Amino acid sequence: MKKLSALALLFAFCACLPGEAFAADGGRPSILGALWKWAPLLLSGFAFNLLISVLAMALGTVLGAVLGLGLVAPSSGLRRTSHAATQFFRNAPWLVLLFFCMYLMPFEFVVGGAVVPFPGWVKAVIGFALPVMANTAEIVRGAVQSIPPAQWEAAESLSFTRRQTLWMVILPQCVKRMLPSWMNLYSLVTMATSLASVVGVSEMLTLTADALAAEGGRTDLMAPFYGFVLFCFFVYCYPIGVWTRRLEARYAVK
Amino acid sequence: MLAEWFRELYRLTGINLTIFTDSFDQALFLRGLGTTVSLSVICLSLSLLIGVLGAWWQASRIPLVRALVKGFVVVFRTTPPLVQIYFFYFGLGAILPRVPNAFGVMQPMVGNTQWAILSLALFAGAFNIEIFRSGIEAVPRSTIEAAESLGFSRSLIFFDVVLPLAFRVCLPALNNNLVNLVKTTTLAYAIAVPETLYAAQQIWTDASNVPEMMTVLLITYVALVGVLVAAVRRIEAKLAIPGGMR
Amino acid sequence: MIKIPSTFPSPPAWTPDHPIVRVSQVYKSFGETQVLKGVSMSVMKGEAVCIVGPSGSGKSTLLRTINALVPIDAGSVVVEGQEVCDPELDKLQLRRKVGMVFQQYNLFPHMTALQNVMIAPIKVLGQDKAEVEARARALLRKVRLEDKADRHPGELSGGQQQRVAIARSLAMTPDIMLFDEVTAALDPETVKEVLVTIRELAEEGMTCLLVTHEMGFAREVADHVYFTDHGVIVEHAPPAQFFGEAKDPRTRAFLSQVL
Chain H
1136 MKKLSALALL
1146 FAFCACLPGE
1156 AFAADGGRPS
1166 ILGALWKWAP
1176 LLLSGFAFNL
1186 LISVLAMALG
1196 TVLGAVLGLG
1206 LVAPSSGLRR
1216 TSHAATQFFR
1226 NAPWLVLLFF
1236 CMYLMPFEFV
1246 VGGAVVPFPG
1256 WVKAVIGFAL
1266 PVMANTAEIV
1276 RGAVQSIPPA
1286 QWEAAESLSF
1296 TRRQTLWMVI
1306 LPQCVKRMLP
1316 SWMNLYSLVT
1326 MATSLASVVG
1336 VSEMLTLTAD
1346 ALAAEGGRTD
1356 LMAPFYGFVL
1366 FCFFVYCYPI
1376 GVWTRRLEAR
1386 YAVK
Chain Y
7 MLAEWFRELY
17 RLTGINLTIF
27 TDSFDQALFL
37 RGLGTTVSLS
47 VICLSLSLLI
57 GVLGAWWQAS
67 RIPLVRALVK
77 GFVVVFRTTP
87 PLVQIYFFYF
97 GLGAILPRVP
107 NAFGVMQPMV
117 GNTQWAILSL
127 ALFAGAFNIE
137 IFRSGIEAVP
147 RSTIEAAESL
157 GFSRSLIFFD
167 VVLPLAFRVC
177 LPALNNNLVN
187 LVKTTTLAYA
197 IAVPETLYAA
207 QQIWTDASNV
217 PEMMTVLLIT
227 YVALVGVLVA
237 AVRRIEAKLA
247 IPGGMR
Chain D
345 MIKIPSTFPS
355 PPAWTPDHPI
365 VRVSQVYKSF
375 GETQVLKGVS
385 MSVMKGEAVC
395 IVGPSGSGKS
405 TLLRTINALV
415 PIDAGSVVVE
425 GQEVCDPELD
435 KLQLRRKVGM
445 VFQQYNLFPH
455 MTALQNVMIA
465 PIKVLGQDKA
475 EVEARARALL
485 RKVRLEDKAD
495 RHPGELSGGQ
505 QQRVAIARSL
515 AMTPDIMLFD
525 EVTAALDPET
535 VKEVLVTIRE
545 LAEEGMTCLL
555 VTHEMGFARE
565 VADHVYFTDH
575 GVIVEHAPPA
585 QFFGEAKDPR
595 TRAFLSQVL
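Chains as they are written, first to last, in the working numbering: chain H, 1136 to 1389; chain Y, 7 to 252; chain D, 345 to 603.
Some hints here could point you the wrong way.
Unchecked claim - Pair by pair, the computed Cβ-Cβ distance ranges are:
no., chain 1, residue 1, chain 2, residue 2, range
1, Y, 182, H, 1209, 26 to 34 Å
2, Y, 14, H, 1213, 31 to 39 Å
3, H, 1375, D, 491, 52 to 60 Å
4, Y, 30, H, 1353, 33 to 41 Å
Hint data in this document are derived by calculation from the structure and do not stem from the laboratory. Only a predicted model underlies this, so the values are computations on that prediction, with no experimental measurement involved. A virtual CB, placed ideally from N, CA and C, is assigned to each residue, including glycine.
All chains should be modelled from the sequences, with the hints used to inform the complete structure.
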């Protein structure tokens, strides 16, 4: 019920804006007509957003897991370095990190004489992976520290090494606890991929601006088109949010 | 004096920090920084106001009001803030009439900075409503019952008992969200609000010192966030209840 | 079930020779569970009345109907001639006449003991702050906590918190005090200091209604004892008769367990 009412609300928000949504006057396509015409392109752009989000999440998670283990490492030097890196990438705005990767990475690599191109969207993936890495590291640290110390002691008394304890006892228990926060992070990354439009990656928001320009900058199309972008992200992220809350409720550690 | 030192640095190392050596760039950057700070402070205050009012209305006796608040929270939390800004600035801004300004020139009724403030405040406000709601739920029913039995009215209970307790419970989550808000103000760049990122870009386009300005940008934001976190810590310490919240 | 009449006759002016609290045929259900099944009782001004009975027998719910914390399904509750379930009733007026103290103290944790006592008279009754502070300090002295005025609840023991809660209720100058198992959450050592305070109040002539498990206290202090079981009042009598020659087998079974 709640889901439906929220969806209905968004629909109303998008659709009710200008009045003559259905009427085509003087050769100009109607608003819905224009949206229908451009929808395939816009949706392909959205698919690109999703691709970027999945890749950034995968890369960021791998890096973040390593950094997170650094945060709980026995060596204080390693811990401090990891902490500094985590704090830095967590506190830097996503957009600034994106700019950082866009402008400071080369547009191609030369590997053994062969030129490997390094397109903007790959840099965007890296740009998003950096904050994902820092946030994942925090999630890993939180989960590891939430495991009762008695678990460490129990494993130690069975003469496990520290590494064995971590991999065989602690981390398996962490996965469940990390899942809700990690999914929440994924939802954030997906939404953040729209930032790539600012640096010229042709994802959905860029294509929307292009489509609006191709329609001659009609002001009555702006709200419905951007509303459509909002709608696509909402439809994708809302179920993730619901699922996350359900997992949170199920795994609530008291 | 300082400028001399940085000019020397440029000559010796090639590190070109025009914001220290060039008064024009310096003014540009400081104006940008000022815009970021005021944007943050205004959005922060508005978002807190939205959070308190929303949490208050979310407990309303009228189902429609509750549904509207809930819908607002869900929509603003599950869509990208940048698209929200575009939707407001391009979508709604285009529909609103243009009005003459002081010099008689026609201009949009709501400027880009105002749209940025509005959409960022709504975005952060939606999160604040959720944060306050969970804080309010943490206040025991029995404490509210005690207030009722002393004849407190609904608003007195909310503002004098529930809110002060809930606020303390949700400070950590609130801190996170406000840090996010400061970082999110960079999105105003996309609609040409002359904040720090925008100023930095103008500077590096001119002086082609991208790596230097990038570093300055990152340090600036990490410092801004640091100041905010320290401020919240102080508030937290000040609000700490001796003996805890039993 | 008895229907609540939709209109209430205007109450006759209450005089001290009538019961200050009169509960008649009160029914209350929470969902499927019937908690009160036609309960009636009456209390005269200045009386101390104890309600005893096994857990879940509806004692606390009965107490809560008197200051309208729990709305009733049917029946009538009249306090000082005023029908409590009248929808037109000014609950503020009722609640300043009826003070309540809870099992879990329920002090406001973000305020000092003094602030806890002062807030209701200032914010609810709009009284003068200096005058309220003087009275609040006097009340704290009365419950022997004048030296803890600036402490927060978290820094006080359970018994001390409970005495602050009593002072907080008294600050509203109520005519009737309700005590809901006020010693149940306390350490045995601190139970006494709270009971002494309540006893002093009763001896000063405050009308007191207590839900309690302290049978010794009920025997010494109460003017009348009510026994509830499964949502009905099984038996009521003055303490000597109640503890000495209970008639109903359920009462006797209960007393043999707790005494």
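Hints versus structure:
The hinted range of 26 to 34 Å is satisfied by residue 182 of chain Y and residue 1209 of chain H, whose Cβ atoms lie roughly 29 Å apart. Roughly 37 Å separates the CB atoms of residue 14 of chain Y and residue 1213 of chain H, a value that falls within the hinted 31 to 39 Å. Between residue 1375 of chain H and residue 491 of chain D the beta carbon distance is about 56 Å. The supplied range of 52 to 60 Å therefore holds. In this structure the hint that residue 30 of chain Y and residue 1353 of chain H lie 33 to 41 Å apart at CB holds, the actual value being about 39 Å.
Every hint, counting from the list given before, is met by this structure.
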